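There are 2 protein chains.
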Amino acid sequence: MKFKIAILGAGNVAWHLAPALESAGHEITEVYARDISEAIKITERLYASEAKDDLDFSESEAEIFILAVKDLAIPEVADEVILPEGSILVHTSGTMSLGVLGYSSASYTGIFYPLQSFSIGRKLDFEDVAFLLESEDEETLQKLRKLAKSLSSMNYVVKSKDRKAIHVAAVFASNFSNHMIRISEEIMRRQGLDFDMLKPLIIEQISKALQIGAKNAQTGPAIREDYQTLEDHHSFLNYNESIAEIYRLISQDIIDS
Amino acid sequence: MKFKIAILGAGNVAWHLAPALESAGHEITEVYARDISEAIKITERLYASEAKDDLDFSESEAEIFILAVKDLAIPEVADEVILPEGSILVHTSGTMSLGVLGYSSASYTGIFYPLQSFSIGRKLDFEDVAFLLESEDEETLQKLRKLAKSLSSMNYVVKSKDRKAIHVAAVFASNFSNHMIRISEEIMRRQGLDFDMLKPLIIEQISKALQIGAKNAQTGPAIREDYQTLEDHHSFLNYNESIAEIYRLISQDIIDS
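Residue numbers (the UniProt record's numbering), protein chains in the order written: chain A, 1 to 257; chain B, 1 to 257.
Hints in this document: simulated from the structure, not taken from any laboratory. A quick note: this is a predicted structure, and the numbers were derived from the prediction, not measured. Treat the hints loosely; a few may be bogus.
Said to hold, decoys possible - With a straight-line Cα cutoff of 35 Å, these simulated DSBU-like cross-link-like pairs (lysine-lysine) come out:
1) A:199 x B:146
2) B:146 x A:164
3) A:199 x B:161
4) A:215 x B:70
5) B:123 x A:215
6) B:199 x A:161
7) B:215 x A:123
I would like the entire structure built from these sequences, with the hints used as guidance.
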């Protein structure tokens, strides 16, 4: 099943999603951004899509309208957009509820949330993206499932409350594990040491966690309750109060759990 | 250059290191553990090594003695072991100093620290292990370099002070990123959700961090300074004070750095 789709937004998600949808055989009719030059940056990646900076889509041929703007802009854009009869409006946010689209002119609403960390300019295989879907209308949900399946084999129908839990879990698994690596980079840089020597360790640790579960994969001074090393490390970090406190708190949580 | 090597210890490191050294062409003459059945678990993985539960190595043919016991047991075993003339004693710890071997009967001492997360039963390619080496004796250092090179292309001569920094950095990059995944698993389990949906996200995030650096790879509500989502997530986590505090502290550190 091929859809005609309009994209509202020109950020990381739009940059990745629009060409992927086109490659999957769908037609991107329009791309909207408040600043038209931003919309053009996306349409330039596509075959024949119109760049727009106004929210009047009453003449659009699209059936599905994907709202891929910043979370805080979702309610405003949803309220202002003028959509044709029978249209489906979805947003791509991990945190915003379905209700936030409730005052829009869409006939149907839903959520089409790609659970992935998007960065402009970095190639990404959508096969590796789990889509979290939601709609109160069964037919809309089926269409969103078909749309997701055209991109990836991983799709899940998830209620807003669960989507929030998943988003919190994703912040820990992705943003926070990334920040642990960031702190590690800083410790190495400060000492004039080559961060590359840690890369095999990180790859092995994460592979192990994903294979046998992070509980079983844990090693290191905290799980061994090696209090002398914990004390040593904590003193070593006293040049940065915040990092020292992060060290203490996570070590304690490893010991307690 | 092939060495005759004795292994003292029968934990994760010994379990991995002994067969790898043998595969690289070295000879493992003996394996010591306080409990001989533990030593036998290692010698069973080898061609013809003697399992021992006493520390008298005066008749050993080995030149290099690798002390792979728990950190806290290192000083005691180093003090008690009886070594032949001309022997090199090294330990495999990321935290203990070189000085801790100073009262041993070894002619030379050093450090042979494999920077990796070892779990018994899990296959590991030593090509992916960085070895951190140290010795005050130049000839010993050259021998340790040759030994490390026979296993891996990554080896670094590192002073004890830098080794401590590397170990702290490794705790963040490996143990703590693992714990972030652990917390994420718990959040999903608590909600009855399938953790598998997060795996592609984790793989993409870590790959990105290792390629472009974790600073550039960061995404999510904290780096966007999306305070409403941070507040929401923090309230969501109020069933567990420790995890809520970890959420707050790391988010703040992402914002500040």
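A quick look at each hint next to the structure:
1. A:199 x B:146: This hinted pair holds, its Cα atoms lying about 22 Å apart.
2. B:146 x A:164: The hint is violated at about 53 Å.
3. A:199 x B:161: 20 Å, holds
4. A:215 x B:70: 21 Å, holds
5. B:123 x A:215: Distance ~18 Å between residue 123 of chain B and residue 215 of chain A Cα, so the pair holds.
6. B:199 x A:161: 20 Å, holds
7. B:215 x A:123: Holds - the C-alpha atoms of residue 123 of chain A and residue 215 of chain B are around 18 Å apart, at most 35 Å.
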